[in-house]
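Q: Just need the whole structure built from these sequences, with the hints factored in.
The opening residue of the sequence shown carries number 2 in the working numbering; numbering runs sequentially from there.
Mixed in with the good hints there might be a few duds.
Below 20 Å or equal to it, Euclidean Cα-Cα: the simulated SDA-like pairs (lysine to any residue) are [what the hints assert, rightly or not]:
no. : residue 1 : residue 2
1   : LYS105    : THR140
2   : LYS9      : GLU54
3   : LYS9      : LEU58
4   : LYS105    : VAL116
5   : LYS9      : GLN44
6   : LYS105    : TYR152
7   : LYS105    : MET146
8   : LYS105    : ARG159
9   : LYS29     : LYS75
10  : LYS75     : LEU17
11  : LYS29     : GLU41
12  : LYS75     : ILE19
13  : LYS173    : SER160
14  : LYS15     : ALA27
15  : LYS105    : LEU163
16  : LYS75     : GLU41
17  : LYS75     : ILE64
18  : LYS105    : SER160
19  : LYS173    : TYR152
20  : LYS75     : ASN21
21  : LYS9      : ARG50
22  : LYS9      : GLN65
23  : LYS75     : LEU22
24  : LYS29     : ASP79
25  : LYS29     : HIS73
26  : LYS15     : ILE64
27  : LYS29     : ILE19
28  : LYS15     : GLN44
29  : LYS9      : THR59
30  : LYS15     : THR59
None of these hints come from the bench; they were simulated from the model.
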Amino acid sequence: MYNHNREKSHFEEKALEIENLAQRIATKHLLYGTSGMFFETQQLVAHLRREIESHCLTWSGGIQFLDEQIHHLKEQDDLLTFNKAKLFIVVEKNRTTTATIALKQIGFVAGGAQVYGGASLCVGSLGLACAAYGAPMITHGLNNMYENGYYLLYREDRSGTLRDAYRYAAAKLGYGNNEADIVYGVVDISLSAYGAGRRVLAPREKSWSLFRNIESDYIRGWQEASKTAMALDLTSGSVTGWQMYQIAKEN
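A: Structure, rendered in structure tokens:
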């Protein structure tokens, strides 16, 4: 009975130690989520108590488990203190991740808009501008949807087939992936700019002639685009330009 009470008392001491340690580490390294970490620690201790009370675990077994967790937490604290490891829920990482997700969402939707724009170009030109502009716009759009969509699903970057083709061609010419990505970005922006600047027929209610098209019946693509589409295109182009700048700065 004495040993039982002593082990129980020792367990409670360890439970208090790990709760205090978790609270200290959370306060020290996390701007947000301190209460969450403390709550999870309390849940762990409560789970161990239930296991012991249902005779699935002994007091000494619970003490050993808590000792292991305390040791692990102290190691993590040391690593974070001396900048030997990065915690993924540090606020700066959260900000970066949130910003990246927002940019990937924009890229994914903009990719879909490119596919639609390329298809419209092929149809509107009766196939005449399809090979030179429409098809490349569609392939760039599909590739952008794949790359951004993959990140949104799996939270990791992955190059699409088209970007890999650019990199393969660059390698054959003696250049690296960064140069290939810059060329990819230039082409991407150029195709979008062409789509916005190309001359298209105005809707019938805005045209001046009934039976044939005259010069004034043609308008620029951006004039027919919605404000949302224009904002999306400009934002996407700005993001691509910023990425190209970052790549060039690394070189």
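Q: Each hint: holds or not?
A: Verification of the hints:
1. LYS105 <-> THR140: It holds: about 18 Å lies between the C-alpha atoms, which stays within 20 Å.
2. LYS9 <-> GLU54: holds, 11 Å
3. LYS9 <-> LEU58: holds, 12 Å
4. LYS105 <-> VAL116: holds, 17 Å
5. LYS9 <-> GLN44: holds, 18 Å
6. LYS105 <-> TYR152: This hinted pair holds, its Cα atoms lying about 7 Å apart.
7. LYS105 <-> MET146: Status holds; Cα separation ~9 Å.
8. LYS105 <-> ARG159: holds, 12 Å
9. LYS29 <-> LYS75: The given pair, whose Cα atoms are some 13 Å apart, holds under the 20 Å limit.
10. LYS75 <-> LEU17: holds, 15 Å
11. LYS29 <-> GLU41: Status holds; Cα separation ~17 Å.
12. LYS75 <-> ILE19: holds, 10 Å
13. LYS173 <-> SER160: holds, 18 Å
14. LYS15 <-> ALA27: holds, 18 Å
15. LYS105 <-> LEU163: holds, 17 Å
16. LYS75 <-> GLU41: holds, 17 Å
17. LYS75 <-> ILE64: Within the cut-off at roughly 16 Å; holds.
18. LYS105 <-> SER160: The hint holds at about 13 Å.
19. LYS173 <-> TYR152: Given pair LYS173, TYR152 is violated - Cα atoms ~28 Å apart, limit 20 Å.
20. LYS75 <-> ASN21: holds, 12 Å
21. LYS9 <-> ARG50: Distance ~10 Å between LYS9 and ARG50 Cα, so the pair holds.
22. LYS9 <-> GLN65: holds, 12 Å
23. LYS75 <-> LEU22: holds, 8 Å
24. LYS29 <-> ASP79: holds, 11 Å
25. LYS29 <-> HIS73: Between LYS29 and HIS73 the Cα gap is close to 16 Å, so the pair holds against 20 Å.
26. LYS15 <-> ILE64: Distance of about 7 Å is within 20 Å: holds.
27. LYS29 <-> ILE19: Holds: LYS29 and ILE19 sit about 15 Å apart, inside 20 Å.
28. LYS15 <-> GLN44: The given pair, whose Cα atoms are some 14 Å apart, holds under the 20 Å limit.
29. LYS9 <-> THR59: With a Cα-Cα distance of about 9 Å, the restraint between LYS9 and THR59 holds, given a limit of 20 Å.
30. LYS15 <-> THR59: holds, 14 Å
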